[in-house]
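Trainee: Taking UniProt numbering, the leading residue of the sequence shown gets 1, the next gets one more, and so forth.
Careful: at least some of the hints might be erroneous.
[Claimed, not checked] Derived BS3-like pairs (lysine-lysine); straight-line CA-CA distance at most 30 Å:
1. Lys29 <-> Lys72
2. Lys9 <-> Lys71
3. Lys12 <-> Lys71
4. Lys73 <-> Lys29
5. Lys29 <-> Lys71
6. Lys8 <-> Lys71
7. Lys29 <-> Lys12
8. Lys12 <-> Lys72
9. Lys72 <-> Lys8
10. Lys73 <-> Lys8
[What the hints assert, rightly or not] Simulated restraints, written as ranges between beta carbons of each label pair:
11. Tyr45 <-> Asn70: 33 to 39 Å
12. Val90 <-> Ile120: 15 to 21 Å
13. Ser105 <-> Ile26: 24 to 30 Å
14. Thr103 <-> Leu56: 30 to 36 Å
15. Val18 <-> Thr39: 19 to 25 Å
16. Met109 <-> Arg7: 36 to 42 Å
17. Phe76 <-> Val30: 33 to 39 Å
18. Ile65 <-> Gly102: 17 to 23 Å
19. Lys9 <-> Thr103: 40 to 46 Å
20. Ile33 <-> Leu11: 31 to 37 Å
Since the hints were made in silico from the structure, they are not lab data.
From the three backbone atoms N, C-alpha and C, an ideal C-beta is built for every residue, glycine too.
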Amino acid sequence: MFISDIRKKFLKTIVIFVISTIFAFIFNKVYGIFGHGVTSPYMTYMFLYPLVGGVLFYGIIMLFIPSIVNKKKYRFFYNIYNSGIAILTVGSLLRGVMEIAGTSSFYLMVYTLIGWLCIIISISVLIIE
Numbered sequence: 001m002f003i004s005d006i007r008k009k010f011l012k013t014i015v016i017f018v019i020s021t022i023f024a025f026i027f028n029k030v031y032g033i034f035g036h037g038v039t040s041p042y043m044t045y046m047f048l049y050p051l052v053g054g055v056l057f058y059g060i061i062m063l064f065i066p067s068i069v070n071k072k073k074y075r076f077f078y079n080i081y082n083s084g085i086a087i088l089t090v091g092s093l094l095r096g097v098m099e100i101a102g103t104s105s106f107y108l109m110v111y112t113l114i115g116w117l118c119i120i121i122s123i124s125v126l127i128i129e
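Using the sequences provided together with the hints, build the complete structure.
Mentor: This is how it looks when you write it as structure tokens:
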């Protein structure tokens, strides 16, 4: 794969995560307006998952180890890792909504557990290969 193709692939992923970060930030602000000023740290900081886990993570990979896309298990890593970031973001959103509503659920812990498990599995598969 050519360097320009690899760079385009990483930039596309980074742009998607930037859009996700902006959406999460705006969603929090709009929800705060309709939530009568009640906020939750889980919802306030949910934008950090796509920002750090997506933009920063793939930016570092693009700069230092772009040849990682040529690994056999890269696509598996890519899909599971991105799913983990999405699960953590949605879990943070739901926990924030529940906290603002004044309730909780056992299943919110499952989102966090599954999200981190996906990230750990994806990175370990890529390292072990």
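Trainee: Would you mind marking each hint as holding or not holding in the structure?
Mentor: Against the structure, the hints:
no.	hint	verdict
1	Lys29 <-> Lys72	violated, 41 Å
2	Lys9 <-> Lys71	holds, 14 Å
3	Lys12 <-> Lys71	holds, 19 Å
4	Lys73 <-> Lys29	violated, 38 Å
5	Lys29 <-> Lys71	violated, 40 Å
6	Lys8 <-> Lys71	holds, 17 Å
7	Lys29 <-> Lys12	holds, 26 Å
8	Lys12 <-> Lys72	holds, 20 Å
9	Lys72 <-> Lys8	holds, 19 Å
10	Lys73 <-> Lys8	holds, 19 Å
11	Tyr45 <-> Asn70: 33 to 39 Å	holds, 35 Å
12	Val90 <-> Ile120: 15 to 21 Å	holds, 18 Å
13	Ser105 <-> Ile26: 24 to 30 Å	holds, 25 Å
14	Thr103 <-> Leu56: 30 to 36 Å	holds, 33 Å
15	Val18 <-> Thr39: 19 to 25 Å	holds, 24 Å
16	Met109 <-> Arg7: 36 to 42 Å	holds, 39 Å
17	Phe76 <-> Val30: 33 to 39 Å	holds, 36 Å
18	Ile65 <-> Gly102: 17 to 23 Å	violated, 46 Å
19	Lys9 <-> Thr103: 40 to 46 Å	holds, 42 Å
20	Ile33 <-> Leu11: 31 to 37 Å	holds, 33 Å
Violated hints, listed in ascending order, are 1, 4, 5 and 18; each of the other numbered hints is respected by the structure.
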